[in-house]
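Peer 1: First to last, the sequence lines map onto chains H and V. Our numbering puts the first residue of the first sequence at 1, with every later residue one more than the last. Our numbering puts the first residue of the second sequence at 1, with every later residue one more than the last.
The hints are simulated quantities; they were obtained by calculation from the structure and are not laboratory data. Just so you know, these numbers come straight off a predicted model, no measurement behind them. Among the hints, erroneous ones may be present.
What the hints assert, rightly or not - Ranges of calculated distance between the beta carbons of each label pair, as one might list FRET restraints:
1) H:K235 / V:A319: 31 to 37 Å
2) V:T174 / H:G227: 39 to 45 Å
3) H:V54 / V:S85: 39 to 45 Å
4) V:E222 / H:D82: 46 to 52 Å
5) V:N122 / H:T168: 37 to 43 Å
6) H:A231 / V:G126: 23 to 29 Å
7) V:E222 / H:E259: 35 to 41 Å
8) V:A195 / H:E248: 34 to 40 Å
9) H:P66 / V:V123: 34 to 40 Å
10) H:G52 / V:K288: 17 to 23 Å
11) H:G196 / V:V123: 34 to 40 Å
12) H:V225 / V:A195: 44 to 50 Å
C-beta atoms are modelled at their ideal positions from N, C-alpha and C, and glycine is treated no differently.
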Amino acid sequence: LKICVLVKEVPDAAVEKRINPSTGRMDRSGERNLNPYDTHAIEAAMQVKEGGEVEVEEIIAVTMGPSTAVRALHKAVSLGADRSVHLSDDALAGSDVVATGYALAKVLERESPDLVLLGQQSDDGECYTIGAVVADYLKMPSLTQVIKMDVTEGKLRCERQAEYGYDTVEITLPAVISVGDAINEPRYPSLKAIMGAKKKPLDAVGIDDVGLEADKVGEAGSKVVCGDFKAPPQKAAGEIIEDEDTNETVEKIIAWLDERKLLA
Amino acid sequence: MSGILAYALHYEGAFNKNSLGGVSEAARLAEELGCEAHAVVIGDVSDDLAATLGNYGVTKVFRCADAPEGLAQPVVDVMAQIMDSEGHDYALFGGGLLGFEIGAGLAARLNAGVTMEVTQVNVADGKLTAERPIHGDSSISTSSYKDRGIIIGRLNAFETAAPSEASAEVEDVTVELSPFSTQATMVTRGEQRGADVDIEGADILVAGGRGLGKPEGFELCEALADALGGAVAATRAVVDAGWYPYSTQIGQTGKTVSPKLYLAAGISGAIQHKVGFQSSENIVAINKDSNAPIFEYSDLGIVGDLNKILPKLTEAVKAKKG
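Just chain V, same shape as in the assembly:
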């Protein structure tokens, strides 16, 4: 039997939004291929929660309760065994860090083809092909697979289907983990660093990156955000460096936003950041490097020194708004 197996990441009793996108996409593709889509869940997932994946179109959920969730290699063991015994031709992952690790390990294990950062999957001649933007999104490459295929989505690439009433059958599986898969152990998971700030509801976001030069550079962003009536967001680089709270991070392992205005100050605009805000209505970028990738997709780009521009812009906004 052919089919598609999608991995569903969960945390604190809820599935990851990108995983639900991946599950939905697997179901959509399976229907087009005329096969079934299944999901796999690891660790502590209740019967009820697992069955809800049926709402997104999968007919069966394989649950491996004994394996630890949150690390990639145990999941590789579980998915490789299920794909071999059930004959799935494809594995699919919604956007997410863990999907990259699991997908790559699984491709090595199964000697399968793998494509990452996929933005669209199509059916051609009864097989899947995957589209992936490459080289700073300047070109799109299409992958096809000689044998089995592993498809890893870009963040937010797959839309979550409107949930139906359908329920999935839950089947428990036991998998003997590879010796090396148990050599990594989670000490703490999901630690929040810095203040808990809500930025997802803001209509206007002023985002700061490494180009601010120092943690105090965020004061310029805060003043402008105050004047505009918005909130302040950050890139991963500055969050990892401890300059700003994790809760404000936009992009691959942070939040996804689509405000009316996204004003990026001192941000080069790497893909991993771009995926978190590219659907914003208006994108304004201030950067001193005219070659910064962000200028390729901003609506208004200002090449200049943010230390000079931001304070004056803040004053001008205040004056304008009265």
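Next up, chain H with everything else stripped away, as it sits in the complex:
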């Protein structure tokens, strides 16, 4: 079994997110980190490998993004991936979710994975959607927000929560699966793994290397035009109490609730 894990570098949650008003794109400077949801996808791949039910030949981390995205790949490798592929090209800048999914699918086609895993959402934007786009281009079955995944020969049995409760779905491989954060507790990389990550093979590719059509990506190839950013209607800021003396804090809460007749 060959597993590809799609990863993405996102702004660190602790850093303020902002849009560059002149381009309408996310300002991608500042602190970056591996998308936390993607660490669950790597962990899921590792658990398949270590589970012994099927033999995993290789786990490959794949990303698309500027040169800094290499750090996300290093992190992915330190968490267990055997090697990584970095798609980077100026022509990709400004790609929307469909263009991005198309580009990633072209990278994945070269690898012919049996299983593609990714995090169900990224901290910086597109929710739930990229997996379904990639799957349609690869013509593979797909399921998102999976919280339990059992692999047997040529097949997956997945569970997820949907509109009406928990669904159990059986899927034939190859398949594209996005995982939720309840699927596992990602391990911490060992110091040795962190130090060794930069030595693992990293394949840097451009759009010509993966044979993707340049007119289907980038700003020109994207079908959504995003712009006209505005601030949401501001709700009056709430009162904040820093709890120092809990008895005092509780008194304040009680007074606040009582004022609003919530203790009647």
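For chain H, the structure is supplied; the task is to place chain V on it using the hints.
Peer 2: Frame of chain H, contents of chain V only:
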């Protein structure tokens, strides 16, 4: 012919509330655009039930009885074929997990533009534009489409219209499913996990999240809810972890509530949870992380250790109420 096609999810003989919102929104927008809105239903839907979508303003309902309901990819096949043959310019989905999957797959199939988590759709120069809050709801971005557009609503974003007496024409369609669309099969659907608890009628909800630390942490919430005369709710994270019943879950794939008081303990307040309770009259949050997003939209925020605060608050509420 241009037009808008809305997907209507159904289960056990009733349409999904968010789908009815999406259908209503499609009809409203079509009227403004001067075109028709249609709906699509998959699987076993009676003539009568399908026709009731006309109550919300669509003129025609396409029914594909042969495709399985509950999985996204067969619906992508069905909607792509209908949109191509009928010339719909837009597809619209009410808030819901399946809508995200279908919409994204459909956008890839049709090479269309897609916007998710949409909170408002407008008509400008004879075309639709979609507003979407981004980056933790700190900014709103407007999407427009070069060609066809796929619009996926945020949970509860689209209001269901007051039903009229109008009925929709039901047209059966046959679609050959893509080979990969039939590679996933539903084994069980809609399994309920944990006790069946009714929280929708409660005026006061005490909700617990991962910050409770362990399943037993819910005992603190239960004691406070008892004192306040309310019920206990939960986030998806703790429900998926098996700490509390699915029936108490608030948010994207759970329930939507608007009590007089929503007291969130150990909840960071991710968008997927927020959409389920943001219309509550009063929101109180207790969290030890002062950077938790929930403090940005709570009316009263307490930065502190819930293990210290909740027991004392429970006692104080009891004392106050006598």
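Peer 1: Take the hints in turn and mark each one as holding or not.
Peer 2: To see whether the hints hold, each was checked on the structure:
no., hint, in the structure
1, H:K235 / V:A319: 31 to 37 Å, "holds (32 Å)"
2, V:T174 / H:G227: 39 to 45 Å, "holds (41 Å)"
3, H:V54 / V:S85: 39 to 45 Å, "holds (42 Å)"
4, V:E222 / H:D82: 46 to 52 Å, "holds (47 Å)"
5, V:N122 / H:T168: 37 to 43 Å, "holds (40 Å)"
6, H:A231 / V:G126: 23 to 29 Å, "holds (28 Å)"
7, V:E222 / H:E259: 35 to 41 Å, "violated (25 Å)"
8, V:A195 / H:E248: 34 to 40 Å, "holds (37 Å)"
9, H:P66 / V:V123: 34 to 40 Å, "holds (37 Å)"
10, H:G52 / V:K288: 17 to 23 Å, "violated (40 Å)"
11, H:G196 / V:V123: 34 to 40 Å, "violated (56 Å)"
12, H:V225 / V:A195: 44 to 50 Å, "holds (48 Å)"
Hints 7, 10, 11 from the list above are not met by this structure, while the remaining hints are.
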